[in-house]
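From first to last, the protein sequence lines stand for chains W and P.
Residue numbers for the first sequence follow my numbering, so the first one is 3 and each next one is one higher.
Residue numbers for the second sequence follow my numbering, so the first one is 8 and each next one is one higher.
If you're looking for bench data, these hints aren't it; they were derived computationally from the structure.
Treat the hints with care, since some could be wrong.
To be verified - Which stretches of chain P does chain W cover? Using the computed rule of at least three CB atoms under 8 Å from a CB of chain W, they are:
(1) 49-56
(2) 175-184
(3) 222-228
(4) 238-246
(5) 341-351
Backbone N, C-alpha and C define an ideal beta-carbon position, used for all residues, glycine too.
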Amino acid sequence: MMLNRHRWVAVSLLWVAPLVFLLLFYFYPLASILKVSLERSQQGLLSPFLEALRSPIPGRVLGFTLWQAVLSTLLTLALGLPGAYLFAHYQFRGKSLLQALTGIPFLMPTLVVAAAFNALVGPSGWLNIGLMRLLHLGTPPIHFTNTLAAILVAHVFYNTTIVLRMVGDFWSHLDPRLGQAAHLLGANRWQAIRWVTLPILAPAIAAAAMLVFIFDFTSFGVILILGGPHFATLEVEIFYQTVSLFNLPMAAVLSILQLLCTLVFTITYTRLSKRLTIPLSLKSRRVTQRRLISPRLRVMAGILIVTLIALLILPLAALAVRSVSRLAPSGAGQVVTSPGLTLDFYRELSVNRRESIFYAPPATAIGVSLGYALATTLLALALGFPAAIALSRQPGAPLSRGMDAILMLPLGTSAVTLGLGFIVALDKPPLDLRASWILVPLAHTLVAFPFVVRNLSLALRSIRPRLHQAAAVLGASPRSILRYIDLPLVGRATLGAATFAFTISLGEFGATSLIARPEYPTVPIAIYRLITRPGELNYGQALALSTILMLIAGAGMLLIDRLRIGEAGEF
Amino acid sequence: MKNKSFYLIILMAMVLSACGQAAGSPSNATSTPRTLTVMTHDSFAASESVITAFENANNVKVQFISSGDAGTALNKAILSKDNPFADVFYGVDNTFLSRALAENIFEPYNSPLLKDIPDQYNLDPQDRALPVDWGDVCLNYDKTYFAKNNLPPPQNLEDLLKPQYKDLLVVENPATSSPGLAFLLATIGHFGTDKYLDYWKSLVANNVLVVNDWNTAYYTNFSFSGGDRPVVVSYGSSPPFEVIESKDPNKVPTTAVVTGDGSCFRQIEFVGILRGTKNLDLAQKWVDFMLSTTFQEDMPLQMYVFPVNPNAKLDATFQKYLAIPEHPAYVSPQDIAANREAWINAWTETVLK
Numbered sequence: 003m004m005l006n007r008h009r010w011v012a013v014s015l016l017w018v019a020p021l022v023f024l025l026l027f028y029f030y031p032l033a034s035i036l037k038v039s040l041e042r043s044q045q046g047l048l049s050p051f052l053e054a055l056r057s058p059i060p061g062r063v064l065g066f067t068l069w070q071a072v073l074s075t076l077l078t079l080a081l082g083l084p085g086a087y088l089f090a091h092y093q094f095r096g097k098s099l100l101q102a103l104t105g106i107p108f109l110m111p112t113l114v115v116a117a118a119f120n121a122l123v124g125p126s127g128w129l130n131i132g133l134m135r136l137l138h139l140g141t142p143p144i145h146f147t148n149t150l151a152a153i154l155v156a157h158v159f160y161n162t163t164i165v166l167r168m169v170g171d172f173w174s175h176l177d178p179r180l181g182q183a184a185h186l187l188g189a190n191r192w193q194a195i196r197w198v199t200l201p202i203l204a205p206a207i208a209a210a211a212m213l214v215f216i217f218d219f220t221s222f223g224v225i226l227i228l229g230g231p232h233f234a235t236l237e238v239e240i241f242y243q244t245v246s247l248f249n250l251p252m253a254a255v256l257s258i259l260q261l262l263c264t265l266v267f268t269i270t271y272t273r274l275s276k277r278l279t280i281p282l283s284l285k286s287r288r289v290t291q292r293r294l295i296s297p298r299l300r301v302m303a304g305i306l307i308v309t310l311i312a313l314l315i316l317p318l319a320a321l322a323v324r325s326v327s328r329l330a331p332s333g334a335g336q337v338v339t340s341p342g343l344t345l346d347f348y349r350e351l352s353v354n355r356r357e358s359i360f361y362a363p364p365a366t367a368i369g370v371s372l373g374y375a376l377a378t379t380l381l382a383l384a385l386g387f388p389a390a391i392a393l394s395r396q397p398g399a400p401l402s403r404g405m406d407a408i409l410m411l412p413l414g415t416s417a418v419t420l421g422l423g424f425i426v427a428l429d430k431p432p433l434d435l436r437a438s439w440i441l442v443p444l445a446h447t448l449v450a451f452p453f454v455v456r457n458l459s460l461a462l463r464s465i466r467p468r469l470h471q472a473a474a475v476l477g478a479s480p481r482s483i484l485r486y487i488d489l490p491l492v493g494r495a496t497l498g499a500a501t502f503a504f505t506i507s508l509g510e511f512g513a514t515s516l517i518a519r520p521e522y523p524t525v526p527i528a529i530y531r532l533i534t535r536p537g538e539l540n541y542g543q544a545l546a547l548s549t550i551l552m553l554i555a556g557a558g559m560l561l562i563d564r565l566r567i568g569e570a571g572e573f
Numbered sequence: 008m009k010n011k012s013f014y015l016i017i018l019m020a021m022v023l024s025a026c027g028q029a030a031g032s033p034s035n036a037t038s039t040p041r042t043l044t045v046m047t048h049d050s051f052a053a054s055e056s057v058i059t060a061f062e063n064a065n066n067v068k069v070q071f072i073s074s075g076d077a078g079t080a081l082n083k084a085i086l087s088k089d090n091p092f093a094d095v096f097y098g099v100d101n102t103f104l105s106r107a108l109a110e111n112i113f114e115p116y117n118s119p120l121l122k123d124i125p126d127q128y129n130l131d132p133q134d135r136a137l138p139v140d141w142g143d144v145c146l147n148y149d150k151t152y153f154a155k156n157n158l159p160p161p162q163n164l165e166d167l168l169k170p171q172y173k174d175l176l177v178v179e180n181p182a183t184s185s186p187g188l189a190f191l192l193a194t195i196g197h198f199g200t201d202k203y204l205d206y207w208k209s210l211v212a213n214n215v216l217v218v219n220d221w222n223t224a225y226y227t228n229f230s231f232s233g234g235d236r237p238v239v240v241s242y243g244s245s246p247p248f249e250v251i252e253s254k255d256p257n258k259v260p261t262t263a264v265v266t267g268d269g270s271c272f273r274q275i276e277f278v279g280i281l282r283g284t285k286n287l288d289l290a291q292k293w294v295d296f297m298l299s300t301t302f303q304e305d306m307p308l309q310m311y312v313f314p315v316n317p318n319a320k321l322d323a324t325f326q327k328y329l330a331i332p333e334h335p336a337y338v339s340p341q342d343i344a345a346n347r348e349a350w351i352n353a354w355t356e357t358v359l360k
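If we strip away everything but chain W, and leave its shape as in the complex, we get (with noise of 0.2 Å):
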């Protein structure tokens, strides 16, 4: 009975850094701006809650928002779930980089990424060009801003790597003799599949649909730049109602709205993943990973590996290509792409030809990206790992339930809305922080926290308790069971918190703009400032920068994958 008290306090103390980070960074700062904003209301606090139940523009909004959302997430995992499969269970040549490829898309700023598609589905992309010169057409036939399929293609194009990661990862390690004994006892592929694999999967699908499913539900870039006018989410209206009419009642009230759903969404799954959750024994790769011998099989694994790279590498590959192509525009909706290639965009990023005081070479913006990414990283896996080893040693605690549903939270909080919080929340010593360059991390933080949370719980809840029960009779204190059984064990998992953290940071650009100090632009800042300004050079060295930050991005990923090769952690 003691002892039981004495662990139960122990592990709620595991609470204690992340609730407090939470409760100062996220919390504080929401609870503020929402007072704020709702006392800005002429009639009451109420009135605004009033006239949004008398508007019909919540409603259909919200509809939308979900729609799209739920369309979106099936996409995903529908080429998410066939591409894990793949990695999870067969080698093939390229295999690495092609998955250290998929993960770029996750980290490229919308800007960047509807720059993309542009180079390659615009009217003048490659493929249009491509199109009217084979079938000799005078116009582009491929129509794709503004349309709803650009919004679920680029939300696939997002997010297929955390199902591919998170799923993959955990498929990858599932002992074969299970799916094995359920053939010998008579159960044909689809059998095996339905009542022996997918129960055993259904916590790691889940927590990837979920996360997949806030992120489009919270989708602002997407939806603004590629939607076009005639769509709009939740977050793209809260936008609108705060930065262009200021009607901050109005906001608040659909910021709430967001917040709800978000609960709803967390809640229902934290209940679905309890009831999923398998001890397992994991297996190495080695016993889990074949090659693809038969004929059929090749073929099956060519048309997904070229669907992957058609829908996730093509974009970025002709944003590459285009810059370093000599662009002469012709007029007439035609680009001149024959004059051949050029690094003069590249030369361009080093010189300060304005002689701007904010100007900064591409070396210091990569070092201020590599820096708060670096931070964020280890921010995130401090906050994150006492918080994912209190969730997996108790589960069903309601400190715990509570916990994992609000973990997510932020999220699938509006970014516009937080970032005024913390402008009003964080203003007084000592945490006057809205000048403080500090603000970039912890913004960053509040994103990649769910994600390494995630990661690491299901990596530490997978853990056989017999594991845990035999070191205890054998004597080993709690903490040498942590440190001896449960960190080796999550290495691997932690280098993929790791890189969503890293990678979360390096990417992200709405917070940044709002809190970054201007002498010390991200890569994606420096990206925005050059492609929010007129002329050719401008747009060539924004997608000069863009390309780079490809290239730091698939380097750290190869990086991080070839790290695990011979891991401790390796199951």
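Dock chain P against chain W, hints included.
Structure of chain P alone, referenced to chain W:
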């Protein structure tokens, strides 16, 4: 390595105390040189030498805080007005001016340099917001397209309704884009509040394309960048910058501006001293500096805007390709503030439905 969580808590505490220190230091900085904090939007730029000259002359370090686009930056200034974290705010324009004045965030300052500045720019009689620069939002067209197709370029807003200009125009959504709103205001100023919606109906009939942001309009749909729309809503200063921003000084711009009466909307940007500043003397010096010829002559090539100070000289290339409308459309800041939402909603109903 005995207790991992203990180390994590220590780390947290260190991070938190570092936050405190980082935040505490600026307020203690009363020793030389002092710090002047200038809050602005993310399009602000200036030459390093110009800012350094101001810093050296006044023994001050100028700290810039960029806070998102013009609307977001202003919102931040308003929400922190009881406890401002900057001394000066630059970048509120005439479409947002009434919001700033109604919220009473600025301290009046009758700068001695105001007397040189033409009255048309000075929209606040109480001198809380002082004009710094102006620029026109105008239709730009792709000269190559019109030459190739033997088509005269449009001269004014009415021309765009002609059948030969069908399918040629791309504009930005006034709800999400600053030039988009400015163009809507041009049509309101030119046609009047009772007729502008009819004009937009006809534009829709002539197949106008609406996108949400300037980037997409200019870099995806405008034929200059490879799109299929040779007329775009952009800035009056865009064509000269096509030359200035290229490495070839002999280049001739391939785009030009429609300057017909009432076809452009003039945006004027203002600076103001934030009420409650502890550095009033420095803030006033900074405002004087922004209105002086040193800063005013630097501004055009940095931010693509025009000086309000008539004594400031313009760059030769800039002047060569400049097309300034004689009679831009006008809508008062008070009317914009009072009707912004109604106008945008009416426009949305008419154009997007």
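Structure-based check of all given hints:
Counting residues of the stretch 49-56 of chain P whose CB lies closer than 8 Å to any CB of chain W gives 8, so the stated coverage by that chain holds, three being the minimum. Here the stretch 175-184 of chain P counts 3 residues with a CB under 8 Å from a CB of chain W, which clears the bar of 3, and the coverage holds. Counting residues of the stretch 222-228 of chain P whose beta-carbon sits less than 8 Å from any beta-carbon of chain W gives 6, enough to reach three: the coverage restraint holds. Look at the stretch 238-246 of chain P against chain W: 3 of its residues bring a Cβ nearer than 8 Å to a Cβ of that chain, three or more, so the hint holds.
Closer than 8 Å: that is the beta-carbon criterion, and the stretch 341-351 of chain P has 3 residues meeting it against chain W, so the requirement of 3 holds.
Violated hints for the displayed structure: none, as all numbered hints are satisfied.
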